[in-house]
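S.K.: Take a look at the letters that make up each chain.
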Amino acid sequence: MSVNPELQGRSYAATAPYLVGREKVREFARAVLATSPLHHDVAAAQDAGYPDLVAPPTFGVVVQEHALARLLGDPDAGIDFARVVHGDQRFAFSRPIVAGDELSATLTVTSVKTLGGHTMITADTLVEDAVGAHVVTATSSLVVRGEE
Amino acid sequence: MSAPLASSLALGEVVAEAEFALSRDTLVRYAGASGDFNPIHYRDDVAASVGLPGVIAHGMLTMGLAVQPVVDWLGGDAGRVLDYQVRFTRPVIVDPVDGAAVTVVAKVGRIDEAGARIDLTVTFAGETVLGKAQVVVRLDA
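Protein chains in written order, with the UniProt record's numbering: chain A, 1 to 148; chain B, 1 to 141.
Isolated chain A, as found in the complex (with noise of 0.2 Å):
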């Protein structure tokens, strides 16, 4: 199985939106080892301007990992998720995620690049709020090592 070189420039539709709950946010905090009471004090999140408690910045991965989910699953693409490798991660936001927020996720593959025998596919997972608002775009570089 090889990645398909017809990628590049593909989107997917949008995911079915992710309501952002506190518990979650206090739960990931946790996990990030993020200590910050704006992560899980809800006044203290509302005292700082914020409607709600503020989500980790890495937050936005359990969003983007149901659009990479429709990446990573689709026939045609080709990726054998064994050979997966991360290779980068950023995260560019317009406002951070607060707990209440409905968010969907829309991925497209911006490039696909051999390099040696392995392939690197990045996509930008656009994460947009209930209104259409732009929260924070996603990007990812995965490496598909290739078969030896």
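Using C-beta positions, here's what the derived DEER-type ranges look like: (1) A:PRO75 with B:ASP140: 45 to 55 Å; (2) A:ARG22 with B:ALA21: 19 to 29 Å; (3) B:LEU52 with A:GLY116: 13 to 23 Å; (4) A:ARG30 with B:ALA101: 13 to 23 Å; (5) B:ALA101 with A:ASP74: 36 to 46 Å; (6) B:GLY32 with A:ASP74: 24 to 34 Å.
Here are the simulated lysine to any residue pairs, SDA-like style, with alpha carbons at most 25 Å apart: (7) B:LYS107 with A:THR139; (8) A:LYS24 with B:GLY75; (9) B:LYS132 with A:SER94; (10) A:LYS113 with A:TYR12; (11) B:LYS132 with B:ASP83; (12) B:LYS132 with A:THR108; (13) B:LYS132 with A:LEU126; (14) B:LYS132 with A:VAL143; (15) A:LYS113 with A:ASP124; (16) A:LYS113 with A:LEU72; (17) B:LYS107 with B:LEU9; (18) B:LYS107 with B:ASP83; (19) B:LYS107 with A:THR35; (20) A:LYS113 with A:GLU6; (21) A:LYS24 with B:GLN85.
In case anyone wonders, no lab produced these hints; they're calculated from the structure.
Just so you know, these numbers come straight off a predicted model, no measurement behind them.
Ideal Cβ positions, reconstructed from N, Cα and C, are used throughout, including at glycine.
With chain A's structure known, arrange chain B on it following the hints.
M.R.: Using the frame of chain A, we list chain B on its own:
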């Protein structure tokens, strides 16, 4: 809580340092919270079968914890993080008994009118595990 002023920073200044102790429990907790259940993060036999020297931490866990000293420096206000990127260069191997210690040093890499780029050096066992780890933050002018 308040964030530091952009005008009070110096290029190259270390603004935060931290050490994080990871154990297998940390990895299981992250797997549950993130939904990434790849067995290379909790099964030695599977890790060995794909050529790894042992169970490794999720790259996204390392990325997630590495930014925390910067968030703390920002007065706990994660909303001041405008952009955060890393490159995964080496795995963090988490020993079943001794775990793994990851250290983070955050330095000022660039200063703008109302913000800064903070460059992270993230190491495990004396080696850098994240490359080009940069956090762009909003500060008060």
